[in-house]
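**Q** Protein sequence lines, in the order shown, are assigned to chains B and G.
Numbering-wise, my numbering comes out as the position in the first sequence, counting from 1, plus 1.
Numbering-wise, my numbering comes out as the position in the second sequence, counting from 1, plus 1.
No lab work stands behind these hints: they were computed from the structure.
Wrong hints could be hidden among the right ones.
Copies of one chain are not kept apart here, so a pair can be met inside one copy or by any two copies together.
[Stated by the list, open to error] Distance condition first, Cα-Cα at most 27 Å in a straight line; then the derived BS3-like pairs of lysine-lysine: (1) Lys-86 <-> Lys-176; (2) Lys-207 <-> Lys-86; (3) Lys-176 <-> Lys-207; (4) Lys-242 <-> Lys-176.
There are 2 protein chains.
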Amino acid sequence: MMRILLTNDDGIYAKGIEVLAAHLRTIAQVTVVAPDHERSAAGHAITLWDPLRVSTVDRNGAFFGYAVDGTPADCVKIAIQRLLKPKPDLVVSGVNLGPNTGTNIIYSGTVSAALEGAVLGIPSMAISLATFRQPRFAVAARVARTLCLQLRQLRLPPEVVLNVNVPNRPLTQLKGVRVTCQSRSRWLETFDQRRDPRGRAYYWLKGGRRQRDPAPDSDEQAVRRGYVSVTPISIDLTSHKHLDALQGLQSKGSAL
Amino acid sequence: MMRILLTNDDGIYAKGIEVLAAHLRTIAQVTVVAPDHERSAAGHAITLWDPLRVSTVDRNGAFFGYAVDGTPADCVKIAIQRLLKPKPDLVVSGVNLGPNTGTNIIYSGTVSAALEGAVLGIPSMAISLATFRQPRFAVAARVARTLCLQLRQLRLPPEVVLNVNVPNRPLTQLKGVRVTCQSRSRWLETFDQRRDPRGRAYYWLKGGRRQRDPAPDSDEQAVRRGYVSVTPISIDLTSHKHLDALQGLQSKGSAL
């Protein structure tokens, strides 16, 4: 039987991970290792300065898992390096409440947990539900289950992770699966300036309107049109297509 | 005169940012906005749950800057969205104490600060000194200055950031500049298990040995051979070269 490490960034008590655990348990032996509270926008932070604590959590029949007082990437590291023997066959991160599409996936703890799986050499997938209201987690969990079964046949290249986004609609209304590119869409944020009770200024990041990338083959457009978006993303950040254009920066030591 | 936003992840009181500020001030108007304490391995985390505080810091003649109680990416966001008018021409992050090469750049606050510059549409560079001992910050700062001058001529593609690593040797012993790829080298970490004074377990991430990628055109090999390594890295995480290989995942809705 396949062994799956399941994590997320909404925390071990989130509904999305509970529903996903139930679905994946029908095809795999599932171990949950997740943050002890919400760690959205944790990016790929890891904890070096402080130690980590691990507690066992019984989600009342839903699952028995490990809560870590660290980031999503910490959870995957400690799960694979210390808690799970043997190593899992697959790392799945989600179901995230909210889309992980466009430029903003760089902040996502959900996506970073999956990228950490790839760093450690395990095929990995992040799965997000593209809504913040009335989430149909069971639909996304069903899609994740189907993709996990497919990943038993299809070998992912070692540096590649699947970033999956599911439209929030009934399963029968999903139009299919599209392999997409990350769009350049992003939130145009601002900072509120406020005053504390002592009159001193503080600032708070505030989501603004969405700057939309109209590229038709993108993650965002696929979801908007009712398709499950599957974007292959890589832990190799090199912009290979720009290597030639930058040759002009090469120089001899004497030019420095 | 060019306007540069200078930040780092070692914090506003670090030596590396002080030396870099002094060098860049000879070619640009420099504004320093940096974390109020060390935030190494912060990755691309941003602060959503809490507000941010900004304090002015006078580094006794070295520079006058802004300290932020957030991550490196927070610093760049608040600098560009709120503190600096007009926006800077360039974001420079560093000089980091320690190399940022190989797979581990995914954890780097230094690199993430530069990537945040690109998210906000500003040409950006991360600069790191490949040592942890007896750092020659002035050499790295001199290299950064040269590259900043070159970036006035060469237009970086909007999604691309320069990740620069400088060998820790005298300027006259640098062999030149090489445009490189990110290597797959990484630290093989483990977790120490210890007991607190009450006898309860805690875990601490521990650097292990380095798994080295022998690819000759890589960041790590260039630095080892005495060259400044310049790797173009991208905020577009799509693995374009694997899009075709994954077409088998596409399906119609009825297959879900």
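**Q** Hint by hint, note whether the structure agrees.
**A** Hints and how they fare:
For the homomeric pair Lys-86 and Lys-176, neither the shortest alpha-carbon distance inside one copy (39 Å) nor that between copies (46 Å) is at most 27 Å. Proximity of Lys-207 and Lys-86 under a CA criterion of 27 Å is satisfied inter-copy only: 19 Å between copies versus 42 Å inside one chain copy. In the homo-oligomer, the alpha carbons of Lys-176 and Lys-207 never lie at most 27 Å apart, since the shortest distance is 34 Å inside one protomer and 46 Å across protomers. With identical chains, the CA atoms of Lys-242 and Lys-176 are at most 27 Å apart between copies only, with a shortest distance of 25 Å across copies and 33 Å within one.
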